[in-house]
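**Q** Chain by chain, the residues run as shown.
Number of protein chains: 4
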Amino acid sequence: MIRIAVLGCGRIGVMHAANIAAHPRATLAGVYDIHAPAAEAVATKTGAKVFQSAEAAFASRDVDAVLIATATDTHAGLLELAVAAGKPVLCEKPIDLSLARVNACAAKIAGTSVPIQLGFVRRFDPGHSAVRKAIEAGDIGDLHQVVITSRDPGLAPEAYLKVSGGILRDMTIHDLDMARFILGEEVTEVFATGSRLVDPALMDRLGDHDTITVVLITASGKQAIITNSRRATYGYDQRVEALGDKGMAISENRRPHEMTLHTASFTDRAEPLLNFFIERYREGFDAEISEFVEAVEQKRAPSVGFEDGRLALVLAEAALKSIAERRVVAVKEVS
Amino acid sequence: MIRIAVLGCGRIGVMHAANIAAHPRATLAGVYDIHAPAAEAVATKTGAKVFQSAEAAFASRDVDAVLIATATDTHAGLLELAVAAGKPVLCEKPIDLSLARVNACAAKIAGTSVPIQLGFVRRFDPGHSAVRKAIEAGDIGDLHQVVITSRDPGLAPEAYLKVSGGILRDMTIHDLDMARFILGEEVTEVFATGSRLVDPALMDRLGDHDTITVVLITASGKQAIITNSRRATYGYDQRVEALGDKGMAISENRRPHEMTLHTASFTDRAEPLLNFFIERYREGFDAEISEFVEAVEQKRAPSVGFEDGRLALVLAEAALKSIAERRVVAVKEVS
Amino acid sequence: MIRIAVLGCGRIGVMHAANIAAHPRATLAGVYDIHAPAAEAVATKTGAKVFQSAEAAFASRDVDAVLIATATDTHAGLLELAVAAGKPVLCEKPIDLSLARVNACAAKIAGTSVPIQLGFVRRFDPGHSAVRKAIEAGDIGDLHQVVITSRDPGLAPEAYLKVSGGILRDMTIHDLDMARFILGEEVTEVFATGSRLVDPALMDRLGDHDTITVVLITASGKQAIITNSRRATYGYDQRVEALGDKGMAISENRRPHEMTLHTASFTDRAEPLLNFFIERYREGFDAEISEFVEAVEQKRAPSVGFEDGRLALVLAEAALKSIAERRVVAVKEVS
Amino acid sequence: MIRIAVLGCGRIGVMHAANIAAHPRATLAGVYDIHAPAAEAVATKTGAKVFQSAEAAFASRDVDAVLIATATDTHAGLLELAVAAGKPVLCEKPIDLSLARVNACAAKIAGTSVPIQLGFVRRFDPGHSAVRKAIEAGDIGDLHQVVITSRDPGLAPEAYLKVSGGILRDMTIHDLDMARFILGEEVTEVFATGSRLVDPALMDRLGDHDTITVVLITASGKQAIITNSRRATYGYDQRVEALGDKGMAISENRRPHEMTLHTASFTDRAEPLLNFFIERYREGFDAEISEFVEAVEQKRAPSVGFEDGRLALVLAEAALKSIAERRVVAVKEVS
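Chains as they are written, first to last, in the UniProt record's numbering: chain A, 1 to 335; chain B, 1 to 335; chain C, 1 to 335; chain D, 1 to 335.
Just so you know, the hints here were simulated from the structure itself, not pulled from any lab data. This one's a predicted model, so the numbers in the text were calculated from it and none came from an experiment. Please note that the accuracy of each hint is not assured.
Which copy is meant is left open, so a pair is good if it fits within one copy or across any two.
Unchecked claim - With a straight-line Cα cutoff of 16 Å, these simulated EDC-like cross-link-like pairs (lysine to aspartate or glutamate) come out:
hint : residue 1 : residue 2
1    : K45       : E158
2    : K299      : D64
3    : K133      : E185
4    : K321      : E307
5    : K246      : D199
6    : K133      : E258
7    : K133      : E241
8    : K246      : E189
9    : K246      : D268
10   : K162      : D199
11   : K162      : D208
12   : K246      : E185
13   : K108      : E80
14   : K108      : E136
Construct the complete structure from the given sequences, taking the supplied hints into account.
**A** So, in structure tokens, the structure goes:
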């Protein structure tokens with residue numbers, strides 16, 4: 001049994017804690033939150049211990065590994081502490097909103113053999129990962145084009161958006177990682193364009209965009225296209241398509257159930273899509289924990305690590321520069 | 001070029017005439033209708049000749065074959081005349097509503113080498129026939145169960161229903177033929193049940209049913225299930241499913257197009273189904289003419305013939321007896 | 001928190017124990033199994049207590065309710081003990097394979113106010129229950145036909161089949177309950193036919209069938225059709241369709257994920273279906289526990305109870321009689 | 001009856017001739033081809049006259065309108081002759097590969113009231129046009145993003161590609177028109193990138209690309225993305241998606257039929273897509289003729305005209321400039 005402590009008992013931390021408790025080869029060693037009642041509520045339900053500080057969790061002999069689900073600006077510091085304590089760590093994305101801070105963190109942990117996993121949960125989605133597996137199996141031949149559709153069900157509150165780092169660093173970053181995951185080859189050039197269509201007044205205030213298209217190009221000419229919107233009224237729209245010279249693989253949206261209605265006015269009418277990420281990526285969150293448990297058991301690097309988190313942020317920076325300058329930006333210009 | 005005369009210029013005759021005129025290896029030799037203006041309208045558009053009688057068409061040297069699309073009660077007689085004249089014939093179903101009359105016709109034409117094709121158009125539907133081909137190719141192994149869903153978009157007018165011969169002989173008969181086509185083995189036993197749900201008062205007056213379930217069983221125990229309704233508000237519902245010991249083949253409904261709508265209330269909302277048979281079986285009607293042209297060219301028996309028409313009627317009779325006696329009826333009891 | 005004891009730690013009991021432990025308003029009070037190590041394994045993972053006997057669980061003050069997941073022939077006895085002890089009970093289906101024993105049990109517990117829930121999990125499947133909700137909401141108007149497709153991914157071992165009570169009491173019984181659930185009106189007549197196609201030699205030895213069609217008819221003429229097979233190579237096939245005078249609702253199969261493959265030979269190729277019931281009805285098993293927890297909290301009768309278990313068995317008996325006598329059997333003949 | 005002459009009896013001209021002959025309100029007045037036997041073959045089948053020259057058709061009193069389906073480099077000249085003769089004209093796309101030549105033609109025919117229709121058949125596809133209609137009906141609210149997937153089933157022969165004008169002017173041009181059709185607002189900026197992935201050696205020789213992504217932006221910030229490939233092994237891939245602030249409309253691929261196969265290895269396996277445009281856009285070609293017939297009858301401008309042909313070419317030129325300069329190109333830079 002791998003004994004895992006969860007730092008941060010917000011919505012996503014509570015979910016991770018429950019998944020760890022239910023996992024056949026892991027136990028919930030304890031929980032911590034800056035707001036004590038949040039940690040206590042999890043402890044009551046699961047029987048897990050409450051840590052009085054993150055440091056206490058790192059110091060505990062009863063903790064084999066930690067999961068960081070605290071506020072974004074604490075991620076890099078806690079990650080450094082985890083590595084210093086020799087505790088394998090699963091860190092929610094992003095490492096930090098500042099590329100400079102991420103690079104500093106990278107320098108500090110350079111050479112560590114402590115397993116570090118980044119919380120890019122979508123790589124563990126059964127559908128999206130099946131696209132990657134189909135490519136690896138040669139089912140679609142050499143990859144040519146990747147199309148990622150990623151739209152949130154609705155705008156987050158202004159308070160959240162203000163500190164989110166902007167749509168590229170907050171939302172698109174998942175898709176930039178997905179593009180790297182599916183492409184299997186590094187991106188060398190980026191083009192992006194942003195519009196203010198969902199809530200122009202709010203976006204003006206924030207200096208942000210709500211509608212984004214990104215085109216990524218690799219050295220060999222492979223193309224990946226990302227389309228983002230902050231509002232898909234029909235639900236959380238998450239699709240991945242890969243075209244190769246022998247075929248195509250598509251990971252379509254997942255629904256709450258498969259009931260359809262047919263009347264004199266329409267056929268095949270289904271429910272809106274699963275909303276939001278905790279429901280949509282339920283299987284992915286389970287598989288993410290399994291990957292972490294296995295990496296800890298085998299003392300190996302997880303399949304998605306720190307450098308993946310850093311490179312996704314580099315692509316976000318390149319996209320921001322492309323939006324500003326209305327031209328293709330070479331990745332090496334920003335990294 | 002096979003020169004084909006069309007007898008009967010109602011809705012289905014007009015469609016057949018157009019299909020023949022457009023066919024690359026056939027020409028429309030002429031048309032006849034008891035109501036002359038109906039024939040003349042077709043002639044004006046296509047440049048085809050108008051025959052003053054069915055007999056004139058049978059007698060003409062410029063006619064290689066005939067298509068019978070006249071009123072049901074004239075089919076058997078015209079078919080006998082066609083055979084006597086040595087003209088290959090494509091006859092719309094049913095041969096006759098009376099099994100005795102059909103048997104008499106069979107006796108009269110016994111031994112003829114004139115190609116006779118019955119208008120069971122659904123056998124030529126690309127989807128339904130692909131189910132049969134999948135079975136023949138061994139894709140689903142030995143056949144175990146067939147499920148045929150067949151529902152009309154709405155009740156026909158009472159005037160039509162009165163002379164239709166009842167739901168079993170008028171509507172289910174297509175599905176009984178489809179069951180024979182897919183099963184590839186003769187049915188030995190029949191169970192059927194009928195209800196009056198769509199329009200109970202009308203059905204009471206007609207002594208008919210509007211909602212039917214038929215179970216067909218072959219000597220080896222294969223099962224075919226037919227569900228019929230006189231009203232599917234969502235359109236003309238036409239599905240065929242075959243389960244075998246290695247897999248399943250399904251021919252799903254065909255739509256007018258593939259546009260779907262997704263909003264805050266629903267996803268995947270599509271148009272109602274194609275309505276009615278001329279639209280739904282457009283490709284089937286084309287292929288049916290091709291089969292006839294080819295059979296005439298090659299002087300061979302068409303893939304669906306007189307005996308198929310007769311046996312479908314036998315199964316309808318067995319189903320009617322089952323409804324009356326509420327028990328399994330052996331096919332040999334009625335044939 | 002409702003404290004629930006789980007009796008029986010086979011595959012399904014272990015799953016229920018984990019679901020109870022993970023449920024926000026329930027805790028796993030303890031477990032029991034005739035084979036002690038099975039119970040201990042669950043206890044180790046969850047921290048729950050091990051009971052030395054079922055009686056100990058019924059007697060415990062720390063147990064608010066019990067879930068019976070032991071061998072079938074112990075269900076009725078344990079259920080009687082639970083009622084005697086005043087403990088609300090969720091009992092896996094079937095109550096017993098003998099209708100006489102079930103009737104005796106019914107007599108013994110007559111008049112009890114203890115909540116009793118039967119484990120017909122499919123009623124809680126989000127898709128299937130959405131069909132029922134659509135009917136209740138009037139979305140499809142008056143119900144006319146129900147078509148239930150229910151096929152196992154493969155034959156269970158002979159040892160299991162021998163004690164299963166036969167396909168009607170073991171497998172079809174779920175579909176008979178689903179038909180009652182969807183129809184919303186009692187079945188008055190039953191027709192059934194059985195074949196030996198999947199493994200004829202084995203079925204001959206067992207005196208059982210592996211391929212079943214059942215037609216159920218209500219007093220008002222509504223029709224429900226069930227098609228069963230012991231082997232669907234493509235996975236666990238679970239579909240429910242309801243036709244009404246205003247429309248149709250279909251609950252389609254659920255898949256492990258939505259990745260499809262498209263090549264020069266095919267398009268839309270998806271994975272085989274989820275296999276088997278624990279995976280397919282994952283959401284249903286969660287919702288079943290929620291219903292039980294809520295019923296216990298509210299001291300009310302669960303939405304699916306003892307009489308539902310008894311009536312499904314009555315329909316199975318009527319179907320067996322129909323197979324034997326090849327005629328429609330009135331339900332009152334067997335109940 | 002509108003009497004239409006068809007100029008050019010290649011594959012697409014023959015198809016148009018047959019569609020005109022079958023149209024209820026049109027007749028095929030005659031055909032012309034530079035290669036006389038091609039015209040004669042059509043005449044034999046349809047009974048239409050053979051014109052000895054295009055001029056003869058323009059001069060004929062028995063011709064109400066003409067359809068131009070000759071070689072691309074003759075389109076502009078014939079179009080000018082048609083306008084001079086006062087004959088309404090349906091001209092296959094492109095008007096010309098040279099924007100200068102198109103502009104010269106525009107100048108020459110400026111002010112004409114002769115109905116001119118451009119052969120952008122995809123606007124008449126029932127699915128794609130239903131997307132446009134959904135937008136006009138307000139079903140998806142204000143439009144934000146359009147995603148057009150357009151991939152040919154395979155590379156055309158080198159001889160064809162050499163004279164095609166390149167992928168942007170030959171293939172993407174259809175999608176550029178579709179983007180304008182769906183956007184309902186003029187494009188002001190274009191970004192494009194091209195790769196050589198399908199056949200790099202051939203593309204090097206031709207100085208062309210086989211894999212294209214285009215991003216189009218309107219003044220209000222609406223985004224349209226086009227992904228093109230010269231090879232989709234799974235068939236002719238033609239999809240249109242529109243996202244608005246109230247919902248989404250998708251026109252999915254059309255299939256030859258709806259039969260799917262399910263085995264132990266897979267489920268839902270369908271046939272490759274319809275291949276190629278004559279099959280895929282069958283309904284569209286019918287509707288295109290209907291629009292032309294109606295425009296001629298009503299002496300009105302067709303819904304898609306000369307300027308649409310010119311503007312699509314302008315966008316293609318802007319995309320070519322963007323590929324060369326790796327930056328966003330303003331449409332006014334090229335027009």
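**Q** Please work out whether the CA atoms of K162 and D199 approach to 16 Å or closer within one copy, between two copies, in both situations, or in neither?
**A** within (14 Å within a copy, 47 Å between copies)
**Q** Indicate which option fits the pair K246, D268 if close means a Cα-Cα distance not exceeding 16 Å: within, between, both or neither.
**A** Classified as between: cross-chain Cα gap 14 Å, same-chain 31 Å, threshold 16 Å.
**Q** When no copy is specified for K246 and E185, does a C-alpha distance of 16 Å or less occur within a copy, between copies, both, or neither?
**A** This pair counts as neither: shortest intra-copy Cα distance 18 Å, inter-copy 37 Å.
**Q** Given a CA cutoff of 16 Å, do K108 and E80 count as a within-copy pair, a between-copy pair, both, or neither?
**A** within (7 Å within a copy, 66 Å between copies)
**Q** With identical chains treated as interchangeable, where does the CA-CA distance between K45 and E158 reach 16 Å or less: within a copy, between copies, both, or neither?
**A** neither (33 Å within a copy, 43 Å between copies)
**Q** Between copies, within a copy, both or neither: which fits K321 and E307 at Cα up to 16 Å?
**A** Classified as neither; 21 Å inside a copy, 36 Å across copies.
**Q** How would you label the pair K133, E241 (within, between, both, or neither) given a Cα cut-off of 16 Å?
**A** within (13 Å within a copy, 27 Å between copies)
**Q** If the cut is 16 Å between Cα atoms, do K133 and E258 qualify within a copy, between copies, both or neither?
**A** So K133 and E258 pass the 16 Å test across copies only (14 Å; inside, 25 Å).
**Q** When Cα atoms must be at most 16 Å apart, do K162 and D208 count as within-copy, between-copy, both, or neither?
**A** within (9 Å within a copy, 45 Å between copies)
**Q** Please sort K133 with E185 into within, between, both or neither, judging by C-alpha distance up to 16 Å.
**A** The answer is within: 15 Å in one copy meets 16 Å, while 41 Å across copies does not.
**Q** Using 16 Å as the alpha-carbon threshold, which applies to K246 and E189: within, between, both, or neither?
**A** neither (25 Å within a copy, 33 Å between copies)
**Q** With 16 Å as the alpha-carbon cut-off, assign the pair K246 and D199 to within, between, both or neither.
**A** between (41 Å within a copy, 13 Å between copies)
Checked against the numbered hints given earlier, the structure breaks hints 1, 4, 8, 12 and 14 and satisfies all the rest.
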